[in-house]
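Q: Sequence:
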Amino acid sequence: MNIFKLLNVDIKFLIIALYICLFLIIVYFKPSFVYDEKNDCFRQFGVGYKNTTFLPLWLLSILLAIFSYFIVVYIAHMVFNTFFIKG
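Residues 1 to 87, numbered by our numbering, are exactly what the sequence shown covers, in order.
These are computed hints drawn from the structure, not numbers from a lab.
Do not take every clue at face value.
[Claimed, not checked] Each computed DMTMM-like pair below joins lysine to aspartate or glutamate, with the alpha-carbon atoms no more than 25 Å apart: (1) K50 / E37; (2) K50 / D40; (3) K30 / D40; (4) K50 / D36.
[Claimed, not checked] Label pairs and their computed distance ranges (CB to CB): (5) G48 / H77: 34 to 44 Å; (6) N51 / H77: 33 to 43 Å; (7) F67 / F42: 40 to 50 Å; (8) K50 / V9: 26 to 36 Å; (9) F80 / C21: 13 to 23 Å; (10) F70 / F33: 19 to 29 Å; (11) N39 / S61: 37 to 47 Å; (12) V79 / N39: 23 to 33 Å; (13) K38 / D10: 36 to 46 Å.
C-beta: ideal position from N, C-alpha, C; glycine also.
Could you build the full structure based on these sequences and the hints that come with them?
A: Here's what the structure looks like:
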């Protein structure tokens, strides 16, 4: 018995929901490595300057998407012993 089918929840929906939650947390808290508080904007990509960062918001969003995918697939594999996402 698969709990995702029992609860009528799609794994892709969980991946997207986790990504949106993590992204909203980052945008809400505005950490200093992503957000420039003096200029009231997000930092640009770059190294060696005070107002740039090596982890801008666009790169962080890509990494959050990959991270949320692997977390949901890992939990589905460990709990339900299902590795592949079946659409």
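Q: Report the numbers of all earlier hints that the structure fails to satisfy, in ascending order.
A: 7, 8, 11 and 12
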